[in-house]
Each structure stands twice: as structure tokens, then as C-alpha cells.
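Taken in sequence, the protein lines are chains A and B. 211 is the number that the numbering used here gives to position 220 of the first sequence; each next residue is one higher, with no gaps. 291 is the number that the numbering used here gives to position 49 of the second sequence; each next residue is one higher, with no gaps.
Some clues are possibly wrong.
FRET-style restraints, in silico, Cβ to Cβ [said to hold, decoys possible]:
id: 1; chain 1: A; residue 1: Thr126; chain 2: B; residue 2: Val570; range: 14 to 24 Å
id: 2; chain 1: A; residue 1: Arg3; chain 2: B; residue 2: Val522; range: 23 to 33 Å
id: 3; chain 1: A; residue 1: Val94; chain 2: B; residue 2: Arg526; range: 24 to 34 Å
id: 4; chain 1: B; residue 1: Val517; chain 2: A; residue 2: Val0; range: 43 to 53 Å
id: 5; chain 1: A; residue 1: Lys174; chain 2: B; residue 2: Val522; range: 25 to 35 Å
id: 6; chain 1: A; residue 1: Ala180; chain 2: B; residue 2: Ile512; range: 44 to 54 Å
id: 7; chain 1: B; residue 1: Arg526; chain 2: A; residue 2: Thr126; range: 52 to 62 Å
id: 8; chain 1: B; residue 1: Ile519; chain 2: A; residue 2: Val94; range: 52 to 62 Å
Covered by chain B, according to a simulated footprint, are these stretches of chain A (three or more residues, beta-carbon under 8 Å) [to be verified]:
id: 9; segment: 110 to 124
id: 10; segment: 188 to 197
Every beta carbon over 10 Å from chain B, so not counted as near; a handful from chain A, in silico [as the list claims (entries may be wrong)]:
id: 11; residue: Val27
id: 12; residue: Leu32
id: 13; residue: Ala41
id: 14; residue: Lys46
id: 15; residue: Asp52
id: 16; residue: Glu99
Quick caveat, the hints were computed from the structure, so don't treat them as lab data. C-beta atoms are modelled at their ideal positions from N, C-alpha and C, and glycine is treated no differently.
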Amino acid sequence: MKCPRCVQVIHRGAGLCPHCGFGLAEADERYGSEDVVLRRLGDAAGLIRAKDRPKVSAALDKFCRRFPQLFFAVYTGSGQGGGNLRQFGFWLLNRAAFEDVPVDRPNEAGILLVIDADSKSAAVTWGYQLDPFLTEEDTFFCLTRAHAYWLEGRFADGIVRMIAQLEKVLRKRAAQARRDPEKFERKVAPPARTGEIARRIREGHKHAAARTVAPAAKTEVAK
Amino acid sequence: MKAALALWMLSAGIAAAAGSLPLPAWNPEDKESVKKGQLVPGLTLLTEESLAEAVKPPVEAPKPEEVAMPATPTPEVGEQYLEAYFGERPQHFLVDPQGLLSAKDARDRENFLDYHSGDSAIDLFVYLFDGHQEIPSEVREEEIVERHFSSGKPAVVVYYYLGAPEKSDIYVSPLISDAVSAADQRRALASSVEEALEKPDKVAQFEAFCVQLAIRIYWMERATGLVTEADATPHLRPMAKAEKKEPEHALTTKVQAIAGEWGPAAGMMITAVLVVIGGVTIARQRSRYRFPVFEVPPRMGGAHAAGIGAVISFGSTTQSPSAQRNEVPDYLGL
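Work the whole structure out from these sequences, hints included.
What follows is the structure, given as C-alpha cells:
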């Protein structure tokens, strides 16, 4: 978990960034505090050609079908975020109301791709529901798949390619979460208090002692 | 030692013989002649005429039945062959019950006539006789042809005399005789005979005769309407293709054998694999992926999202995506 402004690691549940003090209120001051009505494919910069729009829409629909809890949205703009796409993506996913997304899929289950035509940059932001399952490296891996297309100006192809790669990553994570959900839960659980940590250490010592004593007791009984 | 013993036995035998036979004595006349020089003793031994020749024993004259007559072959075909020649419609195109041709030559001619039969609408049957032979007068050739060749595939029947092609005769099935006149038949035969007579030996003559007559039969086919102009041309192409494919015959046979043995099992196996692959693909297409939902405390005031992913720039075509990854905070920009 990183701050979208200073890109420093922050702890779970931090009200503001402990390093730079960034929060949504600061972003609201910059971009506005009103909700923004959007569709999943918002091409404000006009990067996607009309004939390619169905292809992108089909990829978005397929993503929604494949992952019934999630949705994927694309927003393209010019000069968005003042050069900092992380802050803009963070603000947009918190303030946007996607009118073509079912109500049972809140923004917590959304993944937003923001493309800035001016700075020729792209960023990914996701909701809280995906916190345990996505990492910054995952999104970078997906963005690299689209990089070659975007260099050639083929934004639609790049988006489709990126979504396909993201589907692969999420399928894998879904399978892992089905096998071992605790592993992912631990990533987002509230930090334990000091007393709680001490109790766990003591319980761990008890379990370890029981495992080592048990074989010795068995040998004595045998004698 | 053995040689000495043999010499002793020989001398002993001569001595015993001398002792048993009386010595010769001169009669007075011979003695006078010797003295006069009229008789030379041993003269008869020095001459080439032998005494036995001088005194020949009388030989009886041979009886008429013992006198060997010069070989005069019988002109007619032996009765033992008539059934084989004319008893039924021949099973082979070359009818040679007398074995006048060698096995190889007979096989070559038979192969040619078989090939002709496969390529033509009119069969060619050749009855082979020796050059000096004649068909017995009781055999009526026209009747034989009419009896055996009136039904079935039309045929041209030739009585060929090995070494004497000019004696050959031609007969045709009634279907052909209706369309081809006797004069045309004769011309076909004459043409074939001319071709044959240009060859030096009788086997080569027979070969040339058959080839030329097969060519003439082609024109008979067209005259009878058995083959049209359009039908005649494509016949050559399948033959050429078939000849080219012949080297692949062994491989094709092997493949067919393997396919016959394993084909159904392999087909079922491939079908099963395809069904499984198709089923897995469809299942994966239709599968849905769900995530467990955990309570995540909000961060930085964001009610819905605070997951910050990677930022990448695509401004440079010369730098890699990793080099264009943006991990630097933009404090000064705000």
C-alpha cells in the first residue's frame, strides 16, 4: 500500500499519508469534490477510434462476465492529474459513478485504467476489494503488455491486450484465494496490538513445546 | 618289380603260343615269285587298302518299311489341339495350345493383348498356328467366331501363322461386322501383315502384327461408335497417372494397411482428445472466478479505493517499458 502522492509505503487504515499528509480531501481541492458520472469506457481524449470501440467494450464485458464481482473501467484524458496520474486515478475511482456498472459492483470492486494523452502515461488504480489480490508489480506486468501497442498509437489493441493479461493474473489469484483465503486475508487485516502479538508468540511457543515433548513421552510409554 | 613280372608273363605267353601253333611254310609258286621279284613279302601291309575292305561281306538290302523317309510335317493342326483351340471362347487373348512361342514371348504378347483389352472397347484374340500348318477343313472359322464371340465384349479374332503372316485371316464379332465392311477388315489385316513382313524373325513379325492391328482396331472402335472423340482423349491421362503412381504402390499399401489396422482406434482416440480439449476450453470460457471479500479499512479518506498500481510512460520507442516506469513522486508538480 502506497501513497499516490509520495509513493511511500503506508500502513493499513492510515487516515492520511504519514509521510506527506496526502488524503482525498487534498485531491478534492484539486479535482473537485463532486461525484463524476462516467461509463466504463470514457474516452475523453479521443484516443480510441470509433471502429475500435466495440472491441474494447467487448473486452470490458467479457471481464465482467468472467469476474462477477468486479468491473474494469478505462478513462483517457489530456493533462489529467497535472502530470500525476496516481493522484488522479485515486480521486476518480473514489468520485466516479459508473452508470453502466451494476449496482452490486461498487467502486471497491473496480479497476481503473487512466491514460493521459499529453504526458503519454498510463496508470492503474483499484478498489479496496482487490487490495489483497493485486500488487503494483501485477499492474506493471499488464501495462508492459500494452506498451508496444500504445507506442504505435493503437490504444484499443493495447487496452484489450492489457485486460487479457489482467484476467490471467486474477484467475490465478482467485484460484490461490480459493485454496488459501487466510493468506490473502492477512494482507489486509488490521494491525495487531502489542499485547496481541505477545499472546500469539506465547501460543506459538506452547505449540512448539508440545510437538517436541510428544515424541519423548511416546518413547517412555513404550519402555 | 611289377613291370618285370608283367614282362616275364608276356614273354612266357608268346613262347607258349609259338610252341602250340605250326610255323608258316612257303608254297612253291609264291617262293618262285619271291625269287623273281614279282612278290614282295609284307607288301599288303604297306598299302592303305585293308584286307577287310577288299573282302566285304554281302549285305542284305533293306526292306521298304526299314527305309527312312525324309521328314514331311503334316500340314494340318493336330486333332489333340482342336478342342483347345476351338472348343470354347478362349480365356486368354493369345490362343497357343501348341506352345509355339517361348514362355517369355507368350507372356509379352499376352500382356500386350491384356493392355489392349483394358484400353479398348474391342478385344483382340489371336489364334496362333505354325507357318506350315493349316486349319482342318472340318473347322469352320466363321462359325467358330459367330458361336463364341456373338455375345459379350466385341472382339476381333485373328488366325495368325507364325513365320507366315501373309496367311493370316481376320474375323470380327457381328456387332463390328455391321459397322466395318469386309474390305475395311481386309485392309486392316493387310496393313498389319505389311508391318509384320518388315521384321526379320517370326517373333518380331508377330509383335509388329499385333501392334499394328491394335492401332487399326482403334479406328474400328470409332467406326462402330463404341468410342467417341471426347471419350478417347481422357483415356490417356489416367493411364499416365497410374504409371507414375506405381512407385508409391508399396508405401500406399503400407499406409493403407496401418490405417486399416489402427485407423478406427486412432480416430476414436483423436475424437476423444478433441472432445476433452473442446470441453476444457468451453468450461474455461464459461468458468467464473470469485474472490473472498475481506474487510479493508479505508485509507487516506478514500471511501472506495486506494490501491495504487504502476504508472508507465509510452513516450519513447527506444526505451524499454521498465526504463519508462514512473516510480518517482511528483511533489514539485503539486
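Hint check results:
1. A C-beta distance of roughly 19 Å is found between Thr126 of chain A and Val570 of chain B, which places it inside the suggested range of 14 to 24 Å.
2. Remark: the range hint 23 to 33 Å for Arg3 of chain A to Val522 of chain B is contradicted by a beta-carbon distance near 40 Å.
3. Our hint of 24 to 34 Å for Val94 of chain A and Arg526 of chain B holds, since their Cβ atoms are close to 29 Å apart.
4. With their beta carbons about 51 Å apart, Val517 of chain B and Val0 of chain A fall inside the hinted range of 43 to 53 Å.
5. For the pair Lys174 of chain A and Val522 of chain B, the beta carbons lie near 27 Å from each other, so the given range of 25 to 35 Å is met.
6. Between Ala180 of chain A and Ile512 of chain B the Cβ separation comes to about 51 Å, which falls inside the hinted range of 44 to 54 Å.
7. For Arg526 of chain B and Thr126 of chain A, the hinted distance range of 52 to 62 Å is not satisfied, since their beta carbons lie about 24 Å from each other.
8. A C-beta distance of roughly 39 Å is found between Ile519 of chain B and Val94 of chain A, which places it outside the suggested range of 52 to 62 Å.
9. Counting residues of the segment 110 to 124 of chain A whose CB falls under 8 Å from any CB of chain B gives 15; the rule of at least 3 is met.
10. Only residues whose beta carbon comes within less than 8 Å of a beta carbon in chain B count, and the segment 188 to 197 of chain A has 0; fewer than three means the coverage is violated.
11. No beta-carbon of chain B comes within 10 Å of the beta-carbon of Val27 of chain A; the shortest separation is about 13 Å.
12. Distance check for Leu32 of chain A against chain B: the nearest CB is about 18 Å away, which clears 10 Å, and the non-interface claim stands.
13. At roughly 22 Å from the closest C-beta of chain B, the C-beta of Ala41 of chain A stays outside 10 Å, upholding its exclusion from the interface.
14. Remark: the non-interface label on Lys46 of chain A is consistent with the geometry, its nearest Cβ contact in chain B lying 18 Å away (cut-off 10 Å).
15. At roughly 14 Å, the least C-beta separation between Asp52 of chain A and chain B is larger than 10 Å, which holds for a residue marked as non-interface.
16. Not every beta carbon of chain B lies more than 10 Å from that of Glu99 of chain A, the smallest distance being close to 5 Å; the non-interface claim is violated.
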